[in-house]
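Q: Single-letter residue listing:
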Amino acid sequence: MTEPARFPPAGLPGLEPRWSRIIEAPDFTGTMRSWHLLDTHADPEPEQTAPTLTVLCVHGNPTWSYLWRNLLARAPRSMRIIAVDQLDMGFSERSGVHRRLADRVDDLDALTAVLGITGPVVTVAHDWGGPISLGWALRHREHLRGIVLLNTAVHQPVGSPAPSIIRVARSGPLLRLNTVRTDMFVRGTTRLSRSFLSARPMSKSVASAFASPYRSAARRAAIGDFVADIPLEAGHPSSATLDAIAGSIRDHADTPALLLWGPNDPVFSDRYLADFIDRLPHADVHRYERAAHLVIEDAPSLVTDLLGWLSSREGNDPAPEVRGDLTRAAPKTTSLLDALAQARDLRPQAIALAQMQARGTARLVTWEALGLRVTRLAAGLRARGIEPGDRVSVLVPPGADLIAVVYACWAIGASVVIADTGLGLAGIRRAIRGARPRHVIGVRAGLALARTLAIPGLRLSTASLQSIAAQGAEREAPELPDAETEAVVVFTSGATGPAKGVVYRHRQVAATVEVLREHYRLTESDALVAAFAPWAVLGPALGITSAIPAMDVTKPRTLTAGALSDAIAAVRGSVLWASPAALANVIATQGRLTAQQREAFTGVRLAMFAGAPVPRAALVEASELMPRAQIKTPYGMTEALPVADIELAGIPDVGIAEGVPVGHPVIGVELAVAVLDDEGRPSADLTLDPGVTGEIAVRAAHVRDRYDRLWATNRTASANPGWHRTGDVGHIDEAGCLWVEGRLSHVIVTSSGVLTPVGAEQRALTLPFVEQAALVGVGPRGAAAPVLIIVLAGAGRRGRSPLLDVDRTDELRQVTGVDLAAVLVRGGLPVDIRHNSKIDRTLLASWAERILAGAGG
Amino acid sequence: MRVLVTGASGFLGGAVARGLIAEGHEVTVLQRRPSGLPCREVRGDIVDASAVAEAMQGVEAVIHLAAKVAVTGARSEFTRINVTGTANVLESARMAGVARFVHVSSPSVAHAGSPLVGAGAGPANPITAHGSYSRTKAESELIALAADRPGFAVVAVRPHLVWGPGDEQLVGRIVARAHAGRLFLIDGGVALIDSTYIDNAVTALVSSMEHVHEPAVHGRAFVISNGQPRTVAELLSRMAVSAGAPAPTRSVPFRLAWLAGSGAELAWRVHPRGERAGDPPMTAFLAEQLATAHWFDQRETRRVLDWAPTVGVDEGFERLAAWYRSGASA
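Sequences listed follow chains H and P, in order.
If you read the first sequence in numbering that gives the first Met the number 0, its first letter stands for residue 0, the second for the next number, and so on.
If you read the second sequence in numbering that gives the first Met the number 0, its first letter stands for residue 0, the second for the next number, and so on.
If you're looking for bench data, these hints aren't it; they were derived computationally from the structure.
Nothing here was measured: the structure is a model prediction, and the numbers come from that model.
Just so you know, even glycine gets a beta-carbon here, dropped at the ideal spot from N, CA and C.
A portion of the hints provided could be inaccurate.
Claimed, not checked - Quick partial rundown of chain H residues pointing at chain P, CB under 10 Å, derived from the structure:
no., residue
1, A734
2, G735
3, G778
4, T808
5, V814
6, G816
7, D818
8, L851
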């Protein structure tokens, strides 16, 4: 069948008719063909200056230029976005010619010649549009300003069969049935799409729009040709072209590149992303966790992220300023292994580590034994094939084995990926998949968890550590890594979206150790009891004896007062680190302490409870249990810990200001805020002015290096060079104390201004009938109505209605000072797994909005 | 300014006329019943061209409130007053050289029954609006906005659920029903709705008249409200309690209320007069209104009309309670 190009039907959601053009251009055979394409400058206004950047978008199979509609809609006028329908695809001409990869590159080249595209160009491509755009890019190096690839491939990674879905689709008779005779392939492609936010399938009208150029078998012919053109086997007519394109990608070493990926793609999975990272090591990468093949449809922020990247290619992306005097001393650099080596030399028989067992017994490890084990393990692991720079997923609970493995990896220069059980099992798997470790070392349950993950390298059980160390005893210790080497990938709690991998280099972990040492004046006469997962491994780096209580450190509520006392007693613990949830259980079980066990607590000089806000009452109880201890709650996050801390005595009564006070910055930390505007958006610049509410930013040597494969997140979080934007909002008071008012994503923007939730929640909690409270906004940002959601105290008997009665609603309006549209009652509030305390206000807001919409809501 | 207020015997119309008089405007009122207001008065129907022309003499601005407001009734009667009457007043105003015209409309003209959550004004749509009142008000709003032209600035203002002391249309009925023990909620009354305290509605209409000639104002429709959405349950409770009546405690499911309402409408249609006086206790439209969120984004309205409410919801209820306590309702 042949048929010239035509315009898409009217009314396709999101598609502007004014973008559509039909252009005649010769194809690879020299025959004139008609193309349909979308062009933001289809109708150039004469007074308009030429665009500073042209963006050439190439779709894959079986989609069409419609894929790029939101990019066209939101691009600034300075960018010209051209999205083509490839020949025999979309609404371009049906020529009846079977076009191979090389032909399609020629076709596109001839089209852009007719369009007269000169000047700076960025190519953006998806799926099999990827190789075509790269083929085009290679011929236009002089104009090329960047390449952007979404879920595509140029090569079958070694040892990986072709995506089975494609293999099946391609197998002989099925090919035409799937792709041409039925619309299974067309419909199947959009059916895989899931919105990242709602997890809902793509709307029917959008799915139909994707299918609209492919309504008849005749119009779908090229879809089958496209699939048949995938060179899965050697000697395929297109394999030479694809290999040439794949081989030449490395020539793009100085071309900026951006890889945007939906990892839940059954076709172009993470391993294809890894292949591109390998070929384009300088590329910016953003992996949209939970998004699938049609990543641009699934991830709502992709278009914003892409436009941000493109505008930096235009060269008008000024760096924001920081106001105030912000000079900073260079951080001290020490090795993470220095303190361990020193203690091994100076105090070989002193206790480095006490891992507590049931009934108060302990597994004791001397500095000599620990040092020896780490050295031998490092050499042994190196011999087994763990290389400097490799990532090693460590699925071992906190204890002597974990510490030995972590320090051994650090000694090699390998990076440890630590996904803790606080993420939940599915979360751990997602986190590891995202970090793509080369090897895994785990206890049996850990290895079982990793079974289905693609781990290209070693899978080692902790049971084999002894033989590995023995092997290492005969070898030389590996050379120590430098301070820039990646040390660890840890994960955010996932309280506000999927958990993000956070990367630290050696110098940043070493800086964390230094901050702890200096700020808390830790010396070798201290002994540390670590019931707080992230810091449980830092004892050896501090050169301080540490004890890990008998508990599941990642399930803090399993810590009993007795187990804690035994750990303190075992090492004469003077410093205690625990999470608020652990503290709660210690308080709840302190009645069972013997007099002797109780006595052990009097040796504690400093107790810190970190990870989440701690109720004041719990701290008071802690100080009664540990009468000689300074009680502190550090504030910080996975990306920087500690940032600030506050002493129990310094915590003022609630209600005197917005938020909760988290104290003054610790040594080496600078704080600033990015002021919120009327729309609740943080400013580009940072300020040190007291009293203004904004996004809290932190600068310190121990701040994370970056987020892993999250280019757009890094761009936002590191918008101010050297600073980390925390995503928390708050203010610094006149005395320099930091107050946290909530998460940036939980800010409520009403028509009369911006509200932060924590202050009002704290004031609500002063009423005796309120057990828990969360302030959310319903309705559109900018005109949101504030709604308070509470859990009733005591028996908390709820009526059938989710509405609180009018009198108590009024009381809450009075005490919070917020014009609440309503107060809703729930049996509990949704919180994160890790801390069991971070309220998911986003989820609550959509719940409240649904309730308060009434019928049909 | 010399201002004509139509429909001044109504709750809002009377308040607007009094507000204008208090501000020193020269007010004429036009309605069928005597208004008792200290100003020039023409009595007549807005469908009556001569009465309207007489009222329009020397007028510079019109605030047009006269309408048939009811939840049931013959469609033809709604059309006659709301559509024909409005066209008549517009035509007469233009002939008389009036420069400013504020057409008082209703948010229901753009409400097709789905929840409105922080919504904008939206275009009036006589096809999707529910019930004869909303449909004819939608038609009349379209006619009014179409009449906007240089020298004759027209704005449509949609006050949302106006209430206050002296309101018989809404508060009075709710209170009467609460006293009779017949006030119930639909689906627990959880839907958030906007409302407008009477004084705020008056200042918004006066401000609209003052700004109607501005380019951002004329030819457009604006919803006005207190900008303090509350649940239906809270609004009904407060109204009842302000008048010393018991708050509603019973609730019926929305489907049931809707069915009952549809049935009642049918019954009222079959026997439009006779023993069934007034409106039925429930209509499908009312069930929807009492069960579905409808509250609005007030930012643009406030900015463009250079207006903001001066009486908050809480103070409004205090005033309502004081008014009931004073015995003025008797």
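Q: Now tell me, hint by hint, if it's right for this structure.
A: Going through the hints against the structure:
1. A734: Where the cut-off is 10 Å and the nearest Cβ of chain P is about 35 Å from A734/H, the hint is violated.
2. G735: Hint on G735/H: violated, closest Cβ of chain P at ~36 Å, above 10 Å.
3. G778: Because about 3 Å separates G778/H from the closest Cβ in chain P, which is inside the 10 Å limit, the hint holds.
4. T808: The hint holds - T808/H has a Cβ within 10 Å of chain P, the shortest such distance being about 7 Å.
5. V814: violated, 14 Å
6. G816: Where the cut-off is 10 Å and the nearest Cβ of chain P is about 13 Å from G816/H, the hint is violated.
7. D818: Constraint on D818/H satisfied, holds at 6 Å.
8. L851: OK, holds: L851/H within 10 Å of chain P, min 4 Å.
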